[in-house]
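Engineer: Chains A and B supply the protein sequences, listed in that same order.
Each residue of the first sequence is one higher than the one before, counting from 99 in our numbering.
Each residue of the second sequence is one higher than the one before, counting from 660 in our numbering.
It is worth saying that the hints were derived from the structure and are not from the lab.
Here the structure is a predicted model, which means the values were calculated and not measured.
Cβ coordinates follow ideal geometry from the N, Cα and C atoms, glycine included.
Hints are not guaranteed to be accurate.
What follows is a list of derived Cβ distance ranges for each label pair [unchecked claim]:
| # | chain 1 | residue 1 | chain 2 | residue 2 | range |
| --- | --- | --- | --- | --- | --- |
| 1 | A | Lys243 | B | Val912 | 36 to 46 Å |
| 2 | B | Phe708 | A | Ala294 | 55 to 65 Å |
| 3 | B | Gly702 | A | Ile291 | 50 to 60 Å |
| 4 | A | Ala294 | B | Gln884 | 48 to 58 Å |
| 5 | B | Leu668 | A | Ala191 | 13 to 23 Å |
| 6 | B | Arg911 | A | Val156 | 54 to 64 Å |
| 7 | B | Phe708 | A | Gly301 | 53 to 63 Å |
| 8 | B | Phe708 | A | Val214 | 16 to 26 Å |
| 9 | A | Pro254 | B | Ile725 | 38 to 48 Å |
| 10 | B | Arg754 | A | Val156 | 36 to 46 Å |
| 11 | B | Ile725 | A | Val214 | 19 to 29 Å |
| 12 | B | Met843 | A | Ala253 | 54 to 64 Å |
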Amino acid sequence: MTQAAASQQMIPERRQLAPYLLTLPALLLFVGIVLVPIAMTVLLSFHDWGQYKGIEPVLILKNWREVASDGYFHEMFLRTFRIALLVTLLTAALGAPEAYILSRMRAPWRGIFLLVVLGPLLISVVARTLGWALLFGGSSGVVNKALINLGLISAPLPFMFTETGVVVALTHVLMPFMVLAVWAALQQLDPQIENAAASLGAGQATILRRIVLPQIVPGVLSGAIIVFALAASAFATPAIIGGRRLKVAATLAYDEFLNTLNWPLGAAVATLLLVALIAIVVGSNRLVERRYAEVFR
Amino acid sequence: MSRNGPLALAFHALFIVFMLAPILIVCAVAFTPEGYLSFPTRGLSLRWFKAIARYPEFVTAFWTSIWLGLVSSAIALGLSVPAALAIARHDFRGREAITALFMSPLMIPHVVLGIAFLRFFTQIGLGNTFLGLALAHIVVVFPFALRLTLASAIGTDRAIEQAAVSLGSSDWVVFRRITLPLIMPGVMSGWALAFIQSFDEVTMTVFIAAPGTETLPVRMFLYIQDNIDPLVTSVSAAVIALTTVLLIVLDRVYGLDRLLIGRGSEEG
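Given only the sequences and the hints, what does the whole structure look like? Please build it.
Structural biologist: Here it is as structure tokens:
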């Protein structure tokens, strides 16, 4: 038997084992450092806690009852998802047209502006949020001055420590994800279809509405899912712009863990956020896939 | 000449102003000669950049972030290359589940990861240690490393490897001399992206970093929570400058859109 034949015979058997051996180190790390800690957190949410006794490893529903019955938590979760929804709508309304405009630009400009729009994604979110805090900065802030000078408003608007401010800053922080998602969809678009429509006498508006828009909708939707999930779990921006009183799920969990030290309650809030987001993301992914599976069939 | 109409270009101009304004104002305010926040400033001064050196907390945090970024991205890459080769080239049971698990840090809110790590590390005695921080960061940057190595592993031409095998090369030689050089662009970009992700991470790290292991973004965040002054602005401006240089290099080498498409991460 030649060597080549021998090695070919060995491949099937080796192939059974090889992928597992290759993924094993990373797999061990993920089981140990992701799955176990998450399971422990879920378990923690059922433990009891007292100011003096600390965490008691029992299985009770106390924290879950508190989250379910206390109006404070309802308001906080409502605010979290309201902010996330507004940010999602704003990024879609502004990011999708911008991605389309970018895709129609010419060689040097296209690359430069793509860098300007996507680049902030890699710049520290703390630095970017600081920028918004500086722009808002009380009644004398740059944004208010500009809006008054433009005659759009007569009195300064409160941005710091308000939901409006959090929504504006988060829209900026998460915008690149939307542009990126729509951009990815636009890359798949065949320019010949637009040209064909134009040659058949379609106007610019018709092309946009009948050709471009339907094709980028999946991109907008997948961008919306990412933006919504990230906005609902955002931490640094709501903490800096929203301040200590305007709590969202992530900042509240942080408070429970590092200030109040009621870890079980914080774990319950975090678990609820995790479950709600997974349900929303998986659910909407399914919907999008089903809807577009039918369209393309 | 652009194919965009005047209305589209006006929208585009406003959009760019919106995207750049907060970044530019940080840089502008950082050069203030005054002792307080002021914009627009009279004159420019490096006063607040020089002041950074007098605050060891920021300097220490900066080096912690650099080390953490280097260590965690290097280990994440080391783990992701064999995993990517397995996922790209083998059809095995549990392949989808394993890939989903590896990508899960993108789906799980970082605040939840932070809480989970805090609880877990305190229980096993790794609380407030660099090792704990590094383990957490490896997991969080792993999806970025994996995605880019996976993309280049799928794109390689296997005929070259088969030729080497048929000429009698051992598996290890094929990997070192052929496969690794072929996937190197993806590996290097994955490493750079993983490093930046680790360097910028704040939401998860704020839970597990303690004085002594604080990273730069965490230090900045905690500082801003107390007060905003020109000092933290100049630190931010320095971070922005550093990232921008890396960003432009990455864009030149790999293309920013290619690097980022399909990703989703902790932000905000």
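Engineer: For every hint, state whether the structure bears it out.
Structural biologist: A quick look at each hint next to the structure:
1. Taking the beta carbon of each, Lys243/A and Val912/B are about 41 Å apart, inside 36 to 46 Å as hinted.
2. The given range of 55 to 65 Å is respected by Phe708/B and Ala294/A, whose C-beta atoms sit roughly 56 Å from each other.
3. Evaluation of the 50 to 60 Å hint for Gly702/B and Ile291/A yields a pass: the beta carbon distance comes to about 56 Å.
4. With their beta carbons about 56 Å apart, Ala294/A and Gln884/B fall inside the hinted range of 48 to 58 Å.
5. Under the hint 13 to 23 Å, the C-beta atoms of Leu668/B and Ala191/A, about 18 Å apart, fit the expected range.
6. Hint check: Arg911/B to Val156/A, Cβ distance near 58 Å, so the stated range 54 to 64 Å holds.
7. In this structure, Phe708/B and Gly301/A meet the distance hint of 53 to 63 Å, their C-beta atoms being roughly 54 Å apart.
8. For the pair Phe708/B and Val214/A, the beta carbons lie near 24 Å from each other, so the given range of 16 to 26 Å is met.
9. In this structure, Pro254/A and Ile725/B meet the distance hint of 38 to 48 Å, their C-beta atoms being roughly 41 Å apart.
10. Range check, Arg754/B to Val156/A: Cβ separation about 40 Å, and the 36 to 46 Å hint holds.
11. At roughly 26 Å, the beta-carbon separation of Ile725/B and Val214/A lies within the given 19 to 29 Å, and the hint holds.
12. Between Met843/B and Ala253/A the beta carbon distance is about 59 Å. The supplied range of 54 to 64 Å therefore holds.
Checked against the numbered hints given earlier, this structure breaks none of them.
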